[in-house]
Amino acid sequence: MRIAVVGLGKMGLAHLAQIRMVEGVEVAAVCDSAAFMLGLLRGQTGLHVCSDYRAMLDTVALDAVVIVTPSKSHVAMARAALERGLHIFCEKPLTLSPQDSAMLCEIAAARGLVNQVGYHHRFMGTFREVKRLLDAGAIGTVSHASAEAYGPVVLRPAGGTWRSRREEGGGCLYDYAAHPINLLNWYMGRTTAVGGTALNRIFSADTEDEVHGTLFFEHGTARVAVNWSDESQRKMCTRVTIWGSTGRIYADRQEVQLFARSDARLPQGYHVGWNTRYTTELTPAAEFYIRGEEYAAQFEHFVSAIRGERAAAENDFASAAETDRVLALLRADAEEPRAAAVPARRRRLSIFGR
Amino acid sequence: MERLIFGDNQFFGINHMSEEKARAQAIRFQSDAAVIAVLDAALEEGVHAFTCTTHDRIARIADHVRAHPERYRDFHFYPGMPYAHKYANAVTEDGMLSALGRFMPGEGGVARLMRGGLSLARGDVEGIATFLVDAEMAMFAGLSTPVIFLQNVLVDLLLGLGAHDAFRIFDAHVRTRYGAEPGYMTMNLPHLLPVLERLGIDKPIVCSNINKRGFRMSGGIEAYARALERHRFRCVAMSVFASGAIPPEEAIHWVCQQPNIESIVFGASSRANIATTRALVARHWALDEAEVATAV
Chain A
1 MRIAVVGLGK
11 MGLAHLAQIR
21 MVEGVEVAAV
31 CDSAAFMLGL
41 LRGQTGLHVC
51 SDYRAMLDTV
61 ALDAVVIVTP
71 SKSHVAMARA
81 ALERGLHIFC
91 EKPLTLSPQD
101 SAMLCEIAAA
111 RGLVNQVGYH
121 HRFMGTFREV
131 KRLLDAGAIG
141 TVSHASAEAY
151 GPVVLRPAGG
161 TWRSRREEGG
171 GCLYDYAAHP
181 INLLNWYMGR
191 TTAVGGTALN
201 RIFSADTEDE
211 VHGTLFFEHG
221 TARVAVNWSD
231 ESQRKMCTRV
241 TIWGSTGRIY
251 ADRQEVQLFA
261 RSDARLPQGY
271 HVGWNTRYTT
281 ELTPAAEFYI
291 RGEEYAAQFE
301 HFVSAIRGER
311 AAAENDFASA
321 AETDRVLALL
331 RADAEEPRAA
341 AVPARRRRLS
351 IFGR
Chain B
355 MERLIFGDNQ
365 FFGINHMSEE
375 KARAQAIRFQ
385 SDAAVIAVLD
395 AALEEGVHAF
405 TCTTHDRIAR
415 IADHVRAHPE
425 RYRDFHFYPG
435 MPYAHKYANA
445 VTEDGMLSAL
455 GRFMPGEGGV
465 ARLMRGGLSL
475 ARGDVEGIAT
485 FLVDAEMAMF
495 AGLSTPVIFL
505 QNVLVDLLLG
515 LGAHDAFRIF
525 DAHVRTRYGA
535 EPGYMTMNLP
545 HLLPVLERLG
555 IDKPIVCSNI
565 NKRGFRMSGG
575 IEAYARALER
585 HRFRCVAMSV
595 FASGAIPPEE
605 AIHWVCQQPN
615 IESIVFGASS
625 RANIATTRAL
635 VARHWALDEA
645 EVATAV
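First to last, the protein sequences are chains A and B.
The first sequence maps to residues 1 to 354 in this note's numbering.
The second sequence maps to residues 355 to 650 in this note's numbering.
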């Protein structure tokens with residue numbers, strides 16, 4: 001299977017190394033606009049390097065592309081690949097507009113191409129176990145969930161990459177909050193409305209560093225709390241807590257804790273009261289590991305879906321488009337004028353300052 | 355190489371099983387004195403080797419060791435580089451090339467600065483790589499570093515990219531510049547060994563997860579068993595307790611039965627736990643007191 005990797009930043013390099021080790025994959029080309037990185041890779045790996053994406057699509061025979069470029073460029077790149085009949089793995093978010101995402105879904109579906117987005121949390125052992133418990137009805141009727149993500153990404157005002165530019169898909173909402181929101185969409189279904197959204201700035205000049213809001217579902221509600229300027233975390237930490245009529249589930253990347261009431265319908269191996277399952281038992285060893293088993297698992301899933309060995313159900317464009325829609329709803333809600341509980345004081349000019 | 359090597363995950367709030375435990379450890383070890391107290395306890399238990407990432411805090415531990423040469427006469431650092439988060443965060447902030455530039459100048463005078471800057475401008479991989487190794491090693495100047503490890507994130511990234519020549523560069527540089535043994539940490543032992551063999555790196559030191567549960571033994575536990583039997587290399591087992599998923603007695607009993615393992619890396623937060631692990635290893639490897647503390 002001939003695959004091209006487009007975008008050779010931090011994520012792109014890791015994806016390239018990961019997918020190159022999936023059995024049966026040949027990386028036929030890599031593409032980036034940075035001559036330095038292309039030179040390094042050509043010299044050190046002998047990979048075929050390209051600096052022009054469309055020229056690469058026109059000249060290199062491919063089965064699929066992996067798109068790991070800044071978010072703003074996803075839509076045009078994905079569309080060009082779909083129109084050439086290529087399967088696509090695209091990093092999250094799929095696009096920056098729900099209309100664009102819907103359009104890509106339509107083309108991919110019409111052409112019967114495998115399409116997947118890099119929401120890797122769905123491939124983590126613990127978060128998969130949460131889904132399994134919910135599907136088994138272990139906590140009964142779900143009323144509320146809380147999804148959080150914290151990490152040390154932006155810790156000072158500087159920053160010269162696209163991640164700090166809102167128009168290019170930078171910011172905590174699209175870059176960080178997308179993950180817990182995508183998990184909520186997996187666990188709770190379609191979001192019907194959002195409310196009480198706050199996009200707070202801490203260090204960034206052009207984007208938010210903090211996201212807080214409420215999501216409403218057909219059944220139940222959820223709170224989202226995300227902060228990518230949290231130095232107390234060593235790396236990204238995602239947590240989900242879900243309350244139901246017969247129990248409560250908590251999960252992070254390391255463990256799942258289920259508290260089950262006496263009337264809970266429990267899968268085998270679980271009992272009434274507290275249960276803990278660790279990642280060490282929930283995560284099978286990967287074929288090739290770089291930063292987490294989930295990255296290997298998502299590419300193995302993608303490749304086997306292209307081979308037709310399984311339905312391409314997980315993280316398809318349609319499910320990512322739902323997340324894109326929620327992100328847009330949150331952004332719009334945050335821009336609504338707020339009726340302040342306390343009337344804002346008028347600013348007075350004074351030689352003593354404010 | 356010592357039979358027992360003390361690890362540093364517990365000092366930096368790294369626990370693969372529980373965020374709560376990880377945080378408790380991060381709080382407990384936020385003062386350097388707390389870290390040094392445990393290192394001293396290890397030393398008193400006859401564990402002389404300490405493998406550590408090139409985290410900023412390790413520089414202060416190294417300063418302390420340098421300041422007390424008598425007390426730490428038999429103490430050896432086995433540095434593992436780079437501390438990947440440092441680079442990853444810089445790349446997120448500045449982009450790839452600027453981030454690299456940020457680390458290239460370093461300290462050590464005009465000549466080194468020129469070497470770094472010129473290498474970067476020319477895209478000279480050997481120059482960049484050796485420069486970065488030297489920058490990471492600066493904190494250990496004057497201290498004993500018999501083995502210098504390349505961290506698993508970088509080893510496995512290079513392995514996945516197929517940028518194998520980097521291992522040769524690292525190997526040659528560590529031997530010639532530091533008179534040390536190069537070591538490789540990996541989560542992909544069965545993939546790495548044939549690559550090092552092809553590069554002509556004979557009997558490399560390779561540190562990898564080896565535990566009864568098969569936790570993070572990529573390619574599966576059977577592939578690891580075959581690798582241990584078939585390849586010529588000096589194996590260091592880490593994560594032998596699978597982050598606490600396997601009871602100590604069972605974990606050590608199993609790992610000591612595997613063939614061709616030379617050393618075991620383990621972490622502990624108290625002298626009692628260090629003593630327990632040491633006693634278990636001595637019993638299951640049938641070593642006497644002196645042998646545990648002796649390098650092989």
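Among the clues, some could well be false.
[Claimed, not checked] Calculated lysine-lysine pairs in the BS3-like style (CA-CA distance at most 30 Å, straight line): (1) A:K131 <-> B:K566; (2) B:K375 <-> A:K235; (3) A:K235 <-> B:K440.
Hints listed in this document are in silico derivations from the structure and should not be mistaken for laboratory results.
As the structure is a prediction and not an experimental result, all values here were calculated from the model.
Here is what the structure says about each hint:
Between A:K131 and B:K566 the CA atoms are separated by roughly 28 Å; this keeps the pair inside 30 Å, and the hint holds. Proximity of B:K375 to A:K235 is assessed by CA-CA distance (about 15 Å); at most 30 Å being required, the pair is judged to hold. Taking the CA atoms of A:K235 and B:K440, the gap is about 11 Å. The hint holds against a cut of 30 Å.
In this structure, none of the earlier numbered hints is contradicted; all agree with it.
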